[in-house]
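Given chain Z's structure and the hints, the job is docking chain Y onto it.
Here is what each chain is made of, one letter per residue.
There are 2 protein chains.
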Amino acid sequence: MREKIESASFFIGRGDDHDLISFGSGQPDMAPPLSAYHVLDNYREFKYGLIQGELALREALAREYPEATPDQFVITNGASEAIDLSLRCIAANGGAGGKVLLPRPYYYSYPFNVTFAGLTPIYYDLDQSGKIDFESFARLVPECAAVLINSPSNPTGTVQEIATLRKIEKLCDELGKYVISDEVYKDLVYVRENYLLSGKKVLTVNSFSKTYAMCGLRVGYLYSKNKEIVQGVIEMKTHTSMNTSIMGQAMALASMKERDAYVAPHVAIWRERRDMIYEGMRALGLDLYKPEGAFYVLPKFKEPTRVMHDLYYNYRMITYDGTWFGAPDRLRFSYALDAQKIKEGLNRLEKFLNTEYRNY
Amino acid sequence: MREKIESASFFIGRGDDHDLISFGSGQPDMAPPLSAYHVLDNYREFKYGLIQGELALREALAREYPEATPDQFVITNGASEAIDLSLRCIAANGGAGGKVLLPRPYYYSYPFNVTFAGLTPIYYDLDQSGKIDFESFARLVPECAAVLINSPSNPTGTVQEIATLRKIEKLCDELGKYVISDEVYKDLVYVRENYLLSGKKVLTVNSFSKTYAMCGLRVGYLYSKNKEIVQGVIEMKTHTSMNTSIMGQAMALASMKERDAYVAPHVAIWRERRDMIYEGMRALGLDLYKPEGAFYVLPKFKEPTRVMHDLYYNYRMITYDGTWFGAPDRLRFSYALDAQKIKEGLNRLEKFLNTEYRNY
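Here the protein sequences come in this chain order: Z and Y.
Mapping to the working numbering: the first sequence position 117 is 117, numbers consecutive.
Mapping to the working numbering: the second sequence position 159 is 159, numbers consecutive.
Mixed in with the good hints, there may be bad ones.
Each pair may be met inside one copy or between any two copies, as identical chains are not told apart.
[As the list claims (entries may be wrong)] Dumping the calculated DSSO-like pairs for lysine-lysine here, alpha-carbon to alpha-carbon at most 27 Å:
| hint | residue 1 | residue 2 |
| --- | --- | --- |
| 1 | Lys47 | Lys257 |
| 2 | Lys341 | Lys47 |
| 3 | Lys351 | Lys300 |
The hints are simulated quantities; they were obtained by calculation from the structure and are not laboratory data.
Okay, chain Z solo, but in the shape it has when bound (with noise of 0.2 Å):
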C-alpha cells in the first residue's frame, strides 16, 4: 500500500504543466468567498485557542443543524483528524482490537484510519448501482465496534437511499454501535436534500473543505451528542494537536456568513459538471454510477492500472487507479475543474478508447 501512496504522491505538484489535465486530487478549484479572505485583513490574533474550537464558529454550526448545541462540536484539522480522534477514541473505550465496517469502494484513507487507532477494517461491497445492500451490511455489524458510512460517497459519487439509512440507524441503534457518518460532501448533492445520520452513537465529520473550497486550510469538525465521544475528543486532540489554527476557524466562520450566497451557485455548477462528464463517458460506452454527489465518477476499465498510466504518459491526464479506493477494476476521476478542460480531457479519453485501449 505504500507503493501505492507514493503514487498518488507522484502525482502531485505536478498541476503546473498547463497541458497537463488533472481528474486527480479532490478539491474544488472554485475560490472560497472573499469574506474569508478579508476577515484576515486586520487580523492580529495570536493566542492558543479553546481545543474544543471558537464558541462563535461551534454556535454558528449549531444553528446549521437541527436541535444542536456549541458543546456538540469539536473543530479539527480538516475531517481526517475528525475521523482519526473518533476511531482512537472508540479503541479507548473499549473498542480495542475490534472491528470496523468499512463500504468498498471506500475513500482511500479509511483503512489507514482503522488500523492507524489500533483498529481492524472490515468490508462490504456497494452493489451494482454504488448503493448499500442492507442485508450485506446489517450481517456484519454484530461483530463490529463502529461502521462508517459515507454518503455522498467518494469515490463512487452516489448518495444512500434515505430508507436505507433509516434502517441502518435503527440497527447501529439497537446494537449500540458507533456509527461514523463521513458526510463532508453534504452541500454537494444533486438529488435531494442531504440526509443527517443521527443517534446516541452516530459521529458526523464534517469539513469547510468543500463547501467552501478551503482544503488547504484544514478546517473540519465533528458533531455528536454522545458526549463520552466529545469529550474523549477533546481529551486527546489537547495533547496531539491542541486547538484548530484559530485563523482558519476565524474564515470558516466568515465563509458560513456567506453560506446562502455561495453553496447554491457552486452547485449548479457542479451539477452540470457532473452533467457533462456523466453524459460524455455514457456517450463513450463506459460503465459507471451515476453521481448524485461529490465530484467523482468511477468507470469501469480493463485492466485501470495500465489505462492511468497510458493517459498519464500519452495523454497528459491525471487519473487516480481504483485499486486504492477498492474498486480495482475502475478509475477514478474527479471533475473538480472547469468545462473546458472536462471537454478537453473527454477528447483525449475518446481517442485513448479508439487507439491504445482497443489492443487491451
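Then chain Y, alone, in the frame of chain Z:
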C-alpha cells in the same frame, strides 16, 4: 487524570478578568513579527499543500540546522502533532507495546502521548537541580523502545548539561534507541546556545509557537535524518490530518525572515522577567530551580493543590498544579506576562505566604 485536565480547562478563558493574574498558560504574550501578518494582506491560497509541508518553509528550516536538507523536515500541527505522529510511527515500526522513557517532572502531555500511541511511559527523576542524572537514565534505556528528552524543559526551566546530552547521544546510538528531542524552547535559552541532540535515530521536535509567539496558529515540525521515520510520519499524516494549514506555514516563513531582529530582543525581555520572578521567589524563601531556558518556575509548596486553589480564589492568581507535570510537591508559574504583573503577582504571593500559608 481527566479531572486534572478539566481543572486546567477550568482556567482557560478566564483571562479577561482584569484583576486576575495568570501564571497559567505557557504561551508568549508578545505578538509575532509584524511581517507574519503582512503575508495575509493579499493572501488568496486555498488548495491542499504538500503533506510534508511547503518546500520554501522546509528550505528555510534546513538553513537553520547544520547539514540539514528540506526532505528531513515535516511541518506539523504544532509540536504536539510531531510528537504524536513520531510515537505512533515508533509503535508501528515494531515498537508496539514498548516503553518510552520520560524525565520527571515532565510536560503534562507526554504520558498521554505515549499512552495514546499504544506505548507505556516509564520515568526517571531529574536530580535536585532539575538535571538528568545519567546513571538513573542509563539504567532504564535498554528496556525502552524510545526515550524523550526535553531541554530546555517545561516545566522545570532547566537546560541539560552538554556533557550529559553527549553521553545520551552515544548510549542511544549504541543501543539503537529512538530519541525524541523536544526542543521547542531552543530559542529561549539564557545560559548558552541550544545544544541540538543528534544521532541516527534522533527525532527533533520543534515549533514556531514559542520562538515567534504563534501558539494559536499551530505550526510545528519534525526534523530527522532517519528517513524511515520521516517517511512514516508523512504517510501517517496523509490520512490523519493532511497538510498543515498553508496559511500558518506562510506566516511561519515570514517570521523566519525576521529572525535576527525578533529573537534576540525578545530573549532579553524573557531574561529580565526570569530574573524578576526567580529572585523575587528566592527572596520570599521559596525553593525552586533556577530557570536556564523557557519561561517557567516550579517552586515547592506544602499542599500545592490547596495553595493553587487559595491563590486562585483569594488572590486572583492562576497557577498550575505540579501534579499534572509529575511534580506533586510544586506549582508551575509561567512568567509569560509583563513585568508589572509579575511584580504584582509576587506581592500577592508574599501576602499569601505571610497569612494563610502559615497555617498549612
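- Violations among the numbered hints: No numbers; nothing is violated.
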